[in-house]
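Chemist: Residue-level listing of the chains:
There are 2 protein chains.
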Amino acid sequence: MRIEADWVAVDWGTSNLRAWGIGAGGEVLFSRASDQGMGKLARDAYPAAVTDLLAGKFAPSGPPIDVLICGMAGARQGWMEAPYLDAPAELGGLAYGAVSPAIPGSRLVARILPGVCQKLSGAEDVMRGEETQLLGLSAMSLGFSGLVVMPGTHSKWVTLAGRRIERFSTSMTGELFEVLRAHSVLRHSVDGETDATDRDAGFEAGLTLGLEAPQRLTVNLFKIRAGSLLSGRRPGWCSGFLSGILIGAEIGGQRDWTGNNEVPLVGGTALCALYARGFAMIGIKTRIIDATDATLAGLKAARQA
Amino acid sequence: MRIEADWVAVDWGTSNLRAWGIGAGGEVLFSRASDQGMGKLARDAYPAAVTDLLAGKFAPSGPPIDVLICGMAGARQGWMEAPYLDAPAELGGLAYGAVSPAIPGSRLVARILPGVCQKLSGAEDVMRGEETQLLGLSAMSLGFSGLVVMPGTHSKWVTLAGRRIERFSTSMTGELFEVLRAHSVLRHSVDGETDATDRDAGFEAGLTLGLEAPQRLTVNLFKIRAGSLLSGRRPGWCSGFLSGILIGAEIGGQRDWTGNNEVPLVGGTALCALYARGFAMIGIKTRIIDATDATLAGLKAARQA
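For the protein sequence lines, the chains are E and Z, in the order given. Numbering-wise (the numbering used here), the first sequence opens with residue 228 and increments by one. Numbering-wise (the numbering used here), the second sequence opens with residue 228 and increments by one.
What the hints contain is simulated information worked out from the structure, not anything from laboratory work. No experiment lies behind these values; they were computed from the predicted model shown. Treat the hints with care, as some may be off.
[Claimed, not checked] Under 7 Å between C-beta atoms, here's a sample of chain Z residues computed to sit facing chain E: (1) Ser411; (2) Thr445; (3) Phe449; (4) Ala453; (5) Gly454; (6) Ala476.
For every residue, glycine included, the Cβ atom is placed at its ideal position computed from N, Cα and C.
Kindly produce the complete structure, drawing on both the sequences and the hints.
Modeler: Take a look at the structure:
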């Protein structure tokens, strides 16, 4: 007879739904994923999305199975709103802020962790999902205090003190890359065959420019178009340049957050490697923590609390 | 019998085609417009677009009619490429750089004026259409030298010395507003009923923030989302805030271009009025010149040269 997982860890984002069955010793027994992210789901479609994803993993009857969820499922437009904790926020108590939407006729018992908001006037901000990764980072790097950077669609810069979020800010870097690439005049410059060397050279040039002059982002962007019209820059170079300008501006515009300490980068490892190059240019060391590892560690830590 | 126009002035942009019949004394005898901009036209559709627009205005036979065109019709992907003049560029000689695509079986004789490029390494840039407005500004304000700002989809900042373009730069401000409003997560915040007072308050707040911290544009943008989630900011406020952040960043990021002199703003008058508020915040006077007036003055001046 197959051993059932003890509980299920779930990361429910805007685009994707991912679940891991966790054993009594904390080991991952299975993992599943689907494209049933918040962006695609009506409110009443959530119970089926999670039971379908876990189909065959649990016997029809038996003790309740805890399903601990972080991310956008707890947004106002998600499954059930899990009200934000206010920053400065103690992440040790994350699970106390969870909400429990019903999954009728199932052994699964859902709990959705809250996000964190910052109501400070002029620095209003929100996160959902990153707070769980930060709790995970805190569990993985006991006692870490300092700046954490979380590259992504909406990058977060966070001052963490152990399990406490002191303050944070969000940069729309990844989303700017996507909308400019797909919908602006720059699409004519970045569409087409790309080669890695070319792309890398463009990234380096863009990063340098973005770090030097983050205040000129709206001007720097048009150099991509001018570069392809006047200097024959190819799509790979232009695409790398766009990415470099944006990441450079994000880092260069927030120099007042950085000191001399090593900065943990939590995110997809390929994207984090690009940020690491930017920080290296201004003399700051980084270490990369895979976002999935941080999420799992965070869900485990939240459940233990 | 109706008097025929002496020649036709044409502004052929990406989205629109506009034509004015000009009398022997420089007076506008008629004006017509259509949506047959460069963005919609295949190369072989240009002759019909202009003859259709001018239908009924000229007898089938008679002396040739000069049709002087500025704008995107001269782009590589337009009717016929009119190679750029290099900046620094003397606008007095603009008409010498014109190209003449054929309009078979018509009295109309087209000439397309060139744009201007800047090949300076690190400051590569291009314009098409604005050079004609600048020539017009020079004719309207004899001997003006200094900074000219041309708000728009791709705003231009130009150092003009009489009829000479010394240097220029392009800011993607207007296009950023459009793509973010239509395609980013910010659409959830800006879509909906707007009220003018609300919008104005948002614009003022965004302008202040953008001018103070142009280097944080990628971060400032997300405050729109956070503002609607946390502070109940309404769509009008958010839309004004977005506009203010972007215009503020454009102006604030180019403070090294501004001195104490009055700055001519050439563009749509409503948009120019928003820029005027931004410049006023940093103590710089402006005067607004309607882009259509400048274009007509520029086409007249180019033809006389």
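Chemist: Quick check: which numbered hints come out false for this structure?
Modeler: Every hint satisfied by this model.
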